[in-house]
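S.K.: Residue numbers (numbering that gives the first Met the number 0), protein chains in the order written: chain S, 0 to 155; chain U, 0 to 155.
Just so you know, these hints were derived from the structure itself, not from any lab. The structure presented is a predicted model; accordingly, all values stated were derived computationally and were not measured. Check before you lean on any hint, since a few could be wrong.
Claimed, not checked - Have a look at the derived ranges for each label pair, beta carbon to beta carbon:
id: 1; chain 1: S; residue 1: 92; chain 2: U; residue 2: 89; range: 42 to 48 Å
id: 2; chain 1: S; residue 1: 117; chain 2: U; residue 2: 53; range: 43 to 49 Å
id: 3; chain 1: S; residue 1: 19; chain 2: U; residue 2: 44; range: 33 to 39 Å
To be verified - No farther apart than 16 Å at their CA atoms in a straight line, the calculated lysine to aspartate or glutamate pairs in the EDC-like style are these:
id: 4; chain 1: U; residue 1: 64; chain 2: S; residue 2: 92
id: 5; chain 1: S; residue 1: 27; chain 2: S; residue 2: 132
id: 6; chain 1: U; residue 1: 27; chain 2: U; residue 2: 132
id: 7; chain 1: S; residue 1: 119; chain 2: S; residue 2: 57
id: 8; chain 1: S; residue 1: 64; chain 2: S; residue 2: 114
id: 9; chain 1: S; residue 1: 64; chain 2: U; residue 2: 92
Cβ coordinates follow ideal geometry from the N, Cα and C atoms, glycine included.
Number of protein chains: 2
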Amino acid sequence: MQKKGTTSAEEEHVSREEFTLRPVGRVKSSYATPADAPRQGRLSDQVSEIHIFPEYRDALYTVEKCNQLVVLCWFDRAERTLLRATPPGQTTERGVFSIRSPARPNPPIALELVDLIQVKGTVLTVRGLDAIDNTPPVLDIKPFIDLDRVQQTKKA
Amino acid sequence: MQKKGTTSAEEEHVSREEFTLRPVGRVKSSYATPADAPRQGRLSDQVSEIHIFPEYRDALYTVEKCNQLVVLCWFDRAERTLLRATPPGQTTERGVFSIRSPARPNPPIALELVDLIQVKGTVLTVRGLDAIDNTPPVLDIKPFIDLDRVQQTKKA
Chain S
0 MQKKGTTSAE EEHVSREEFT LRPVGRVKSS YATPADAPRQ GRLSDQVSEI
50 HIFPEYRDAL YTVEKCNQLV VLCWFDRAER TLLRATPPGQ TTERGVFSIR
100 SPARPNPPIA LELVDLIQVK GTVLTVRGLD AIDNTPPVLD IKPFIDLDRV
150 QQTKKA
Chain U
0 MQKKGTTSAE EEHVSREEFT LRPVGRVKSS YATPADAPRQ GRLSDQVSEI
50 HIFPEYRDAL YTVEKCNQLV VLCWFDRAER TLLRATPPGQ TTERGVFSIR
100 SPARPNPPIA LELVDLIQVK GTVLTVRGLD AIDNTPPVLD IKPFIDLDRV
150 QQTKKA
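Chain S on its own, in the form it takes in the complex (with noise of 0.2 Å):
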């Protein structure tokens, strides 16, 4: 926790605290390595799993209602450091708030739309997730729903 003159120091303690994250499940897929995956899961019709750890099976109950799900999930292997980046076939450098790329700032947590496929237990078959065999930890899965709809994004 950095002390910074600008804040009290209630907000900084709010703000500022450190926190600890445990997976909820992993990512089983064909892609081994960084160099194997696309740059975005949504260009590829590329199947994965999705498997949740056995604790958290009750809150995959009536999940395959679910037709997206929103993932969320840890990069551990991207770039922490970078806070501004190139994005593939560009040439102008953008801020990583203002880019998709999978380095962040800590914490580098990848967000992934994916189609539902199937549920087994504990294990989703998604379509559209680029994340690396064995290596993200999924921290969270949510449905997509309308209100993440928006009816332009001619900026971005």
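Given chain S's structure and the hints, the job is docking chain U onto it.
M.R.: Relative to chain S, chain U alone:
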């Protein structure tokens, strides 16, 4: 499905490792308590601010080009032990991975889609955030991109 025997010790180590997150900013909003906040920020026109800590300022470079941002927050007041919950207005219990309840198994990470209204220094003015004032540490900000679009969500 307690198939513990199917994973190697190494896999277990990789996927069960805990890790530490540091917030990159905090929210300033007019919601003082959870009771003040709307059930879904997207349903409200309320404007909030995201204050990014100075050391991450460079990650905001060109963020003003984005119309919508996806904000990941740590919901530090949310219930962490529930695996099932009944969504507001419904009568049927669901697993929390199939609903957008703030109660998540560890970690309770919230995903919020917001409209970006203004960027001034390290302060983003946004519409659609339902976070409580000063409480939830911001973990990451990403632009909403076309890949996040889905054609239908009928089952969800």
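S.K.: Run every hint past the structure and note whether it holds.
M.R.: Tested hints:
no. : hint                       : result
1   : S:92 <-> U:89: 42 to 48 Å  : holds, 46 Å
2   : S:117 <-> U:53: 43 to 49 Å : holds, 47 Å
3   : S:19 <-> U:44: 33 to 39 Å  : holds, 36 Å
4   : U:64 <-> S:92              : holds, 13 Å
5   : S:27 <-> S:132             : holds, 5 Å
6   : U:27 <-> U:132             : holds, 5 Å
7   : S:119 <-> S:57             : holds, 13 Å
8   : S:64 <-> S:114             : holds, 12 Å
9   : S:64 <-> U:92              : holds, 13 Å
Consistency with the previously given hints is maintained throughout, with no hint failing.
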